[in-house]
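There are 2 protein chains.
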Amino acid sequence: MAEKRFVEQITPRDADFAQWYTDVVKKAELIDYTSVKGCVVLRPYAYAIWEGIQRILDGMFKATGHENVYMPLLIPESLLNKEKEHVEGFAPEVAWVTHGGSERLEERLCIRPTSETLFCEHYAHVISSWRDLPKLYNQWCSVFRWEKSTRPFLRSREFLWQEGHTAHADEAGAREEALRMLDAYAELAERHLAMPVLKGRKTDAEKFAGAVETYAIEAMMHDGQALQAGTSHYLGDGFARAFSIQYSDAGNAQRHVHQTSWGVSTRLIGGIIMAHGDDSGLRLPPAIAPVQVAVIPISPQKEGVAQAARDLADRLSRAGLRVKVDESDQSAGWKFAEHEMRGVPLRCEVGPRDLEKGVCLMVRRDTGEKAEVPLSGVEGSAAGLLAAVRDGLYAEAKERLESRIRDAFHLDEMKAIAAAQPGFLRTMWCGDASCEEAVRAATGMKSRCMPFDQTPIGGRCPVCSGKADRLIYWGLQY
Amino acid sequence: MAEKRFVEQITPRDADFAQWYTDVVKKAELIDYTSVKGCVVLRPYAYAIWEGIQRILDGMFKATGHENVYMPLLIPESLLNKEKEHVEGFAPEVAWVTHGGSERLEERLCIRPTSETLFCEHYAHVISSWRDLPKLYNQWCSVFRWEKSTRPFLRSREFLWQEGHTAHADEAGAREEALRMLDAYAELAERHLAMPVLKGRKTDAEKFAGAVETYAIEAMMHDGQALQAGTSHYLGDGFARAFSIQYSDAGNAQRHVHQTSWGVSTRLIGGIIMAHGDDSGLRLPPAIAPVQVAVIPISPQKEGVAQAARDLADRLSRAGLRVKVDESDQSAGWKFAEHEMRGVPLRCEVGPRDLEKGVCLMVRRDTGEKAEVPLSGVEGSAAGLLAAVRDGLYAEAKERLESRIRDAFHLDEMKAIAAAQPGFLRTMWCGDASCEEAVRAATGMKSRCMPFDQTPIGGRCPVCSGKADRLIYWGLQY
Numbered sequence: 001m002a003e004k005r006f007v008e009q010i011t012p013r014d015a016d017f018a019q020w021y022t023d024v025v026k027k028a029e030l031i032d033y034t035s036v037k038g039c040v041v042l043r044p045y046a047y048a049i050w051e052g053i054q055r056i057l058d059g060m061f062k063a064t065g066h067e068n069v070y071m072p073l074l075i076p077e078s079l080l081n082k083e084k085e086h087v088e089g090f091a092p093e094v095a096w097v098t099h100g101g102s103e104r105l106e107e108r109l110c111i112r113p114t115s116e117t118l119f120c121e122h123y124a125h126v127i128s129s130w131r132d133l134p135k136l137y138n139q140w141c142s143v144f145r146w147e148k149s150t151r152p153f154l155r156s157r158e159f160l161w162q163e164g165h166t167a168h169a170d171e172a173g174a175r176e177e178a179l180r181m182l183d184a185y186a187e188l189a190e191r192h193l194a195m196p197v198l199k200g201r202k203t204d205a206e207k208f209a210g211a212v213e214t215y216a217i218e219a220m221m222h223d224g225q226a227l228q229a230g231t232s233h234y235l236g237d238g239f240a241r242a243f244s245i246q247y248s249d250a251g252n253a254q255r256h257v258h259q260t261s262w263g264v265s266t267r268l269i270g271g272i273i274m275a276h277g278d279d280s281g282l283r284l285p286p287a288i289a290p291v292q293v294a295v296i297p298i299s300p301q302k303e304g305v306a307q308a309a310r311d312l313a314d315r316l317s318r319a320g321l322r323v324k325v326d327e328s329d330q331s332a333g334w335k336f337a338e339h340e341m342r343g344v345p346l347r348c349e350v351g352p353r354d355l356e357k358g359v360c361l362m363v364r365r366d367t368g369e370k371a372e373v374p375l376s377g378v379e380g381s382a383a384g385l386l387a388a389v390r391d392g393l394y395a396e397a398k399e400r401l402e403s404r405i406r407d408a409f410h411l412d413e414m415k416a417i418a419a420a421q422p423g424f425l426r427t428m429w430c431g432d433a434s435c436e437e438a439v440r441a442a443t444g445m446k447s448r449c450m451p452f453d454q455t456p457i458g459g460r461c462p463v464c465s466g467k468a469d470r471l472i473y474w475g476l477q478y
Numbered sequence: 001m002a003e004k005r006f007v008e009q010i011t012p013r014d015a016d017f018a019q020w021y022t023d024v025v026k027k028a029e030l031i032d033y034t035s036v037k038g039c040v041v042l043r044p045y046a047y048a049i050w051e052g053i054q055r056i057l058d059g060m061f062k063a064t065g066h067e068n069v070y071m072p073l074l075i076p077e078s079l080l081n082k083e084k085e086h087v088e089g090f091a092p093e094v095a096w097v098t099h100g101g102s103e104r105l106e107e108r109l110c111i112r113p114t115s116e117t118l119f120c121e122h123y124a125h126v127i128s129s130w131r132d133l134p135k136l137y138n139q140w141c142s143v144f145r146w147e148k149s150t151r152p153f154l155r156s157r158e159f160l161w162q163e164g165h166t167a168h169a170d171e172a173g174a175r176e177e178a179l180r181m182l183d184a185y186a187e188l189a190e191r192h193l194a195m196p197v198l199k200g201r202k203t204d205a206e207k208f209a210g211a212v213e214t215y216a217i218e219a220m221m222h223d224g225q226a227l228q229a230g231t232s233h234y235l236g237d238g239f240a241r242a243f244s245i246q247y248s249d250a251g252n253a254q255r256h257v258h259q260t261s262w263g264v265s266t267r268l269i270g271g272i273i274m275a276h277g278d279d280s281g282l283r284l285p286p287a288i289a290p291v292q293v294a295v296i297p298i299s300p301q302k303e304g305v306a307q308a309a310r311d312l313a314d315r316l317s318r319a320g321l322r323v324k325v326d327e328s329d330q331s332a333g334w335k336f337a338e339h340e341m342r343g344v345p346l347r348c349e350v351g352p353r354d355l356e357k358g359v360c361l362m363v364r365r366d367t368g369e370k371a372e373v374p375l376s377g378v379e380g381s382a383a384g385l386l387a388a389v390r391d392g393l394y395a396e397a398k399e400r401l402e403s404r405i406r407d408a409f410h411l412d413e414m415k416a417i418a419a420a421q422p423g424f425l426r427t428m429w430c431g432d433a434s435c436e437e438a439v440r441a442a443t444g445m446k447s448r449c450m451p452f453d454q455t456p457i458g459g460r461c462p463v464c465s466g467k468a469d470r471l472i473y474w475g476l477q478y
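Line by line, the protein sequences are chains A and B. Just so we're aligned, residue 1 is where the first sequence starts under my numbering, counting upward by one. Just so we're aligned, residue 1 is where the second sequence starts under my numbering, counting upward by one.
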């Protein structure tokens, strides 16, 4: 039987972006398909990337006073039905449990598509006084939505995520929280994932079911399409009224709480792939790369080389880096290609001539740049190069985002630009849902968000030519 | 409306152990009940204990070369049916999904009760050569079993756990792995949770559905009943044959892999409560206590006291301890009772007179012992006292375990001892399932395990008086 252990070719990115994506997720060993449609296995490498994201976010959450909890997987139909807009949004896409063992259930239970209703039921139990507020809870779990068409990471029936759910004494506190968590997501995306984002508010048509306000971070993928990478919702007191979540304030009056919810998911992994990947495979931001430095002994049969590679790796590990020495019996060229495919940010080659000179060769995954580095200060050099890889990936993505945002003033112009090259369009908008729908019908683009910086670029709606006081972004989306 | 913020009374442990347990889980704010029977909310304090257990175990798993993955939540009925013994064990207690949105599914999907079948499907895809072995995978997730009667942590329809699933080239490798992970569980229980355990092999009647061998750690609760705290299974090649998981060995022959699986769950939290708790509430082992030291300012209105308490807490935090300063407006006595209820291992009181003397007062939760400790070396003192609390809890539990193991030689004697005081019975056993069942019928006790140290205490089965070469433990169980 033939060995499968060779680095397989992937489709060039510009030839067929969708096929390139599928090739990368399979050949970098991120996922495996299963006999359950729309559900994949997250293989060790993908799960380790998710653990990296969790590590960063969980730290941010705890540093801002949030606590983790765990709510049930199943929601009784009557509980899901309590908040009208919410159930209308989710009921069409939930999976229903109807039998336990051989018994038919009296009431159907759905697998959580999101857990607002469960958090609300609990908050009604545990909140009674202003002293109980705010409640700042988060949950790491999987959720399930019965999607028709699915793609690994981008749109799965089951996905892993975190969902924050908070309750506050008043609107100001809840609005502040929703924006604080949006900022946390933007920091995760930009600083740690090297993925620049637009931050803003969603239109009513694009809001979360049951929210007063939905905020989002929107990233641009290599092909110019948008990925909604995280959302944060101000829920008002609608859920609190539906679930009777009340507290007595300092003056002993009964008030409803104001709530938020916010989440990011394994979808971010799809974003990392499509924002940074190239024709050789993944390019991972160092903050979440499971292996940050791959140390490769050159001519490892020569005396002292294998040991020198191990010693070097030990030193880098002790300096806090995630390091792997590749001592497999493959050729050096094969190893280079494999670690490139897996997006390892830095390759460190060490061979007999390097050792004689007291150096090793560092190769950046983002640019391919090589640098001979003295072994004496290798820890600092590696850390510096990893920072440079992050900055390089960010700059490249930022340049793409900025160069592919175009201003437009008429629907025909929007159509022409959208047809010529995908990207984001920036226009004014009158606020009318029918004009929003007209843009979608003409260009395929949905509204992305209304940015916080609302410096106008005109005064007329590109669709109806009516008075327009809103600045808004549009784009094709994953 | 009355404030609920007082430390409520709990039922004395010896008056009604079951009610004491229920009081503790509610009043220490570990869980909340939900409208889904058998599913509870893990509140922040319980979830933080679980995070502590995860941190320890995940470190052990990674240090021994295991990798985390994520498999789907749902299993198609046809996949569950592939291994005959396995499906017979689990089918009666699974929850079935029959509808996605408004559509009826062609094939029912069950919520995973455990994931052997999914791991096997994946292993069949990714294992083809001896170079691919061993595969050492673990998953952190929740599972669902349609239990009839439920109790928080001990028996829930949904619970959080980890499930390890490994594939090896041969029987020896798999058996070694199963025992290695049993040892990891024993180390978690004894060293970190201060909970002494018996290690051994289960009888055929008590084996996991589909296993060749099931190993377990068994702990004794305060009331003398047993808690099966973790299991590790050697699965043989039965699953590999059912799922066609084959590899070509170095000589190019096709072979089936040998597998293991092993798991511990949030049940361990029930074990911690029942092994260590007392009439004042929880007593948490320091390794998993969310708060290890509660710093309580005495007369905090006096100049310098509040600040001194904060400074002290900062110093302890910087030394790596988990610390909370309680600056709420409750009385000191109320605070003492609350932190006792929550099982905080060490209380640190600091008041005006202490500050004058340059000391603080440390109070151990396990014994109530007080020690005046100089502020100058408070970090070392606190760490030392936390180690002493662990040792104290362990010694107490160990003494109980040892004093409540009784040897017996006849079934009548077993009945009499079991009726007088619950504990573990140690006997010889002929190996016959009908004798095992006779013990259960007569005493209510099930077999716990056959310990690895098989030094005989006789030669006859207490039931049939036949030749008996097996040493075995029996006990009532949770």
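In short, the hints are calculated from the structure, not lab data. Treat the hints with caution; some may be incorrect.
Given that identical chains are not distinguished, each listed pair holds provided it fits within a single copy or across any two copies.
As the list claims (entries may be wrong) - In silico EDC-like pairs for lysine to aspartate or glutamate, Cα to Cα no more than 16 Å straight-line:
#1 Lys-415 to Asp-469
#2 Lys-37 to Glu-106
#3 Lys-207 to Glu-402
#4 Lys-370 to Glu-88
#5 Lys-148 to Glu-103
#6 Lys-467 to Glu-147
Against the structure, the hints:
no. : hint               : in the structure
1   : Lys-415 to Asp-469 : neither (22 Å within a copy, 85 Å between copies)
2   : Lys-37 to Glu-106  : between (28 Å within a copy, 12 Å between copies)
3   : Lys-207 to Glu-402 : neither (25 Å within a copy, 62 Å between copies)
4   : Lys-370 to Glu-88  : neither (56 Å within a copy, 59 Å between copies)
5   : Lys-148 to Glu-103 : between (29 Å within a copy, 11 Å between copies)
6   : Lys-467 to Glu-147 : neither (38 Å within a copy, 62 Å between copies)
Of the numbered hints given earlier, the model fails hints 1, 3, 4 and 6; all others are met.
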